[in-house]
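Protein chains: 2
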Amino acid sequence: MALRSLILLCCFSVLIQFALASKVRHFHWEVGYVYWSPDCVENVMIGINGQFPGPTIRAKAGDIISVNLTNKLHTEGVVIHWHGIRQFGTPWADGTASISQCAINPEESFVYRFEVDKPGTYFYHGHYGMQRSAGLYGDLIVEVADGHKEPFHYDGELNMLLSDWWHQNIQDQTVGLSSNPMRWIGEPQSILIEGRGQYNCSLAAHFSNGSKFCDFSSTHHQCIPIILSVFPNKTYRLRITSTTALSALNLAIGNHKMVVVEADGNYLEPVAVDDLDIYSGESYSVLITTDQNPANYWVSVSVRGRLPKTPPGLTLLNYHPISPSKIPTIPPPISPLWNDYAHSKAFSNKILARQGSPKPPMNPDRQIILLNTQNKIDGYTKWSVNNISLALPPTPYLGSLKYRLTSAFDNKMRPDNFPEDYDVMKPPVNPNSTVSSSIYMLRFKSTVDVILQNANTLTENASEIHPWHLHGHDFWVLGYGEGRYNEKRDVNKFNLKNPPLRNTVVIFPYGWTAIRFVADNPGAWAFHCHIEPHLHMGMGAVMAEGIEYIGKVPKEALGCGVTKKLLMNPHQP
Amino acid sequence: MALRSLILLCCFSVLIQFALASKVRHFHWEVGYVYWSPDCVENVMIGINGQFPGPTIRAKAGDIISVNLTNKLHTEGVVIHWHGIRQFGTPWADGTASISQCAINPEESFVYRFEVDKPGTYFYHGHYGMQRSAGLYGDLIVEVADGHKEPFHYDGELNMLLSDWWHQNIQDQTVGLSSNPMRWIGEPQSILIEGRGQYNCSLAAHFSNGSKFCDFSSTHHQCIPIILSVFPNKTYRLRITSTTALSALNLAIGNHKMVVVEADGNYLEPVAVDDLDIYSGESYSVLITTDQNPANYWVSVSVRGRLPKTPPGLTLLNYHPISPSKIPTIPPPISPLWNDYAHSKAFSNKILARQGSPKPPMNPDRQIILLNTQNKIDGYTKWSVNNISLALPPTPYLGSLKYRLTSAFDNKMRPDNFPEDYDVMKPPVNPNSTVSSSIYMLRFKSTVDVILQNANTLTENASEIHPWHLHGHDFWVLGYGEGRYNEKRDVNKFNLKNPPLRNTVVIFPYGWTAIRFVADNPGAWAFHCHIEPHLHMGMGAVMAEGIEYIGKVPKEALGCGVTKKLLMNPHQP
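Just so you know, the protein sequences line up as chains A and B, in that order. If you read the first sequence in the numbering used here, its first letter stands for residue 1, the second for the next number, and so on. If you read the second sequence in the numbering used here, its first letter stands for residue 1001, the second for the next number, and so on.
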């Protein structure tokens, strides 16, 4: 009797703690195709509950998010990845098809249930085929837990979810990329801010010859820009996320400096900038102070790193009580030259961890150097790391690792380095590469350094920007460098004092980027270039750790490939 | 020892019998998107092994077909239905998503293994979403078994696989049909013969003002018509199949009569016609005799039953040794007026079983009258039978019936009739209908009559053609009539003497069609309008029988919906 009381008491106190600590936030989502006019041109997109972009999730640190997702696409599977959420203890909720789960079949449902443990600015998006490019994305904002405070002050919040948009549908895009000869998707038709852009018309038509002003009357309400409405003499937190399929972007606000305070859910040493570079997969919070004359100011988002063929995305910062329909008398801010990489590097180097942030271990247990190359395999254009182009297997790694189904993927070890004589400044002498589903197995709790090494593409004098995103972890960005990484020369330049924690980091053309992380999250995690077509063409790897500590994988995540057959065996699992 | 020898002997004799009786024909197919120019305009289509249309399968009656199909679509499931093959004992190989199996996931494989028990002209096609409309189809021709003879003579064979083609991709088509307001797919851009048509150009440009001759040089080889090459004074069997998404077609060959001898894999009383109507889902064999002056003759395929906006599909019957590039001096044959239903009905009434064909039982055990209506459900346009619009469940019926998973679909009885006061000549007074996954359960081996009753659509003075296709069975076509079926008046007109066996039959505008079949094939079988968008909008039903005799369903067919969960229960199945 006493024991029973004790047990009840324990349960009760656990319940109370749970109630205090977190709230479960339930969502019911249906993912399906919708007609939408994101840039004033009607197209078919993937929406959530009939809307594009998907609904913004707001939660508090420690909350449990529970999204019951039903697939209403007609013949396609679907998954959603919660970008930046580390999924400690719930690796099956990471939403990566073929990695963390089987794609959800049409008319079926899957519950994504996970903790948002850390305040910050995140987003979510499709992670199957090129569904992100079809519009399957939205914001996920985690506020500090009750009783906690952000380490900076602001009076109001504004959101800018940035993306790029093509009029060609993703099926055609995908076929083109997978064809021989490859057909490239080209530059986007529009840059979208909060899912809204203007194709073949401009808010700033007054300032450029030949472009026409947008007509938002009648049916084009879906492309009316979301105005950033502010009161004078206040401080606003602008949460900026980029889920572009391709474009690196630069954001500037006329007459206003931005103080960068957060990146990818981690606090930064505040730094004031005139314009901000943001790569696909990144998020930032900046503070702006409305200390200018009450008026309207341009907010301009331009393409960087590729010869821009897409006009900037535009909206307005509108001071109360000025009418938002009043066009500023001066043109939008001029963005840095698309190939002014010095500007971009200077920005990246300004991003440093806020004092008191967690520091990296002093030394790694393992170093993996990943050469990024564009290749040819049987005539098909691919991207590879260390000469391996990732081909995802039909069986998700999480299930096949957990249940030791070694036949489910290529068990060969992936190389930790690339040949000494490879010249990163030249097109590959031998452009051939191999396709494989092999992975990196990391020792649990070990410290891993990854040097992402950029190289020349198949074209002479060309090297591209790649933003690399790691699932399941934040990593410290130890530094950026030019040319080929040289251990002796470069390791001493690593910033071990205040490197920022990120989940996405860029490698610049012909350069390298060094990151460090602790492999402390049992699961199988994608690590890949966040450019959607590059990932589709094999630019990624999977890293797995702590397999023996992976909890019971929900059966709903296992209904495909070899794990399906496993489930059909009455003695397993 | 003696026993062992006996067993060995038995096995050996079984093996010999098997070798004599049938051959297993193995195919390895990869289904994926391809760039193709079926009508001289490049588009993305679904191909098999990189080809459109899919490869023609040729087999002999009694052979086993084994198609190992791998899904190379990027995010879509896929299945293939073997149209006209009854699948006795292999209902899981019928290739209907949500009915006979789970769609095959990307990168996964499924083996379709089934007997082609009856000689005839068949075809295969996708049966998931609108994938048939994307080009997933091909011919399946079953010759008589060795030692057997066809009941008619011919010197050579020619094929005509007919289809219609839209430039809008199927994702957009599907979204449009599923939207409120519904967006209709419109008329096809081209009629394809053997997968080849000509958009915005014509082989017969000489005979019509304003149209231009096709340029087949350079890259347009994929739309060069397949010429029917013949020698003079011979008899040819022309095998014609129609897998159109929408169009009823009429085929005519200049100066040549056609003797119809086979329909849907069943022999007919030979009948000579000048032109032939063929509806989606039907197949015919006709004999033509090359008894005309050696020359080229037009082969023309026109749209019937809808105001044609699509030019006829054209090719040539080319007599040896005349050059196939010589255009006939007279224009292509003029097809009957699109709405000359008297002509169509006269043709249908000429289709009668060959003497000695199996005869129907004299009386049915059950009569089901199915009213075909166009409806509105919550503002969405749908098609219904007896006021039920079919919504396929995530769990295939075959598995849920076999394993008694009653929660997997709506268990309500479907009605066998419709209200007496319903006026089939007028738009519905109450256009509302209901969506359901309910089915018809048929008593095993019972004789079932179905009266397919047409009606006015939602539009005044409009009633459309619907070709109904039954899976798993042939049925006898007992008769066609005008207006509402009246048991007392009409039952006596049924043809019980020589009704043709078919698997597809048309209902004419405002008319009815009576069919009879024996429910002797354990399984769950689709019965539906073969117009792809009509099926997508709910115009179908599922009929199940002999559930207790269904063999062991391959686990590969069960990896979705409730059956997936069943498989995860170690005590089942």
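Keep in mind that the hints are not guaranteed to be accurate.
Computed far set for chain A versus chain B, every beta-carbon distance over 12 Å [said to hold, decoys possible]:
id, residue
1, Y33
2, N49
3, D146
4, H153
5, D172
6, Q173
7, G186
8, Q189
9, V259
10, Q292
11, K376
12, D423
13, S438
14, G481
Just some of the chain A residues that point at chain B, by a computed CB distance under 8 Å [what the hints assert, rightly or not]:
id, residue
15, V271
16, Q367
17, K564
Read the hints as simulated data drawn from the structure, not as lab findings. The beta-carbon is built from N, C-alpha and C at its ideal position, and this holds for glycine as well.
Each hint tested on the structure:
no., hint, in the structure
1, Y33, "4 Å, violated"
2, N49, "15 Å, holds"
3, D146, "38 Å, holds"
4, H153, "45 Å, holds"
5, D172, "5 Å, violated"
6, Q173, "10 Å, violated"
7, G186, "16 Å, holds"
8, Q189, "17 Å, holds"
9, V259, "41 Å, holds"
10, Q292, "45 Å, holds"
11, K376, "19 Å, holds"
12, D423, "34 Å, holds"
13, S438, "16 Å, holds"
14, G481, "36 Å, holds"
15, V271, "41 Å, violated"
16, Q367, "33 Å, violated"
17, K564, "5 Å, holds"
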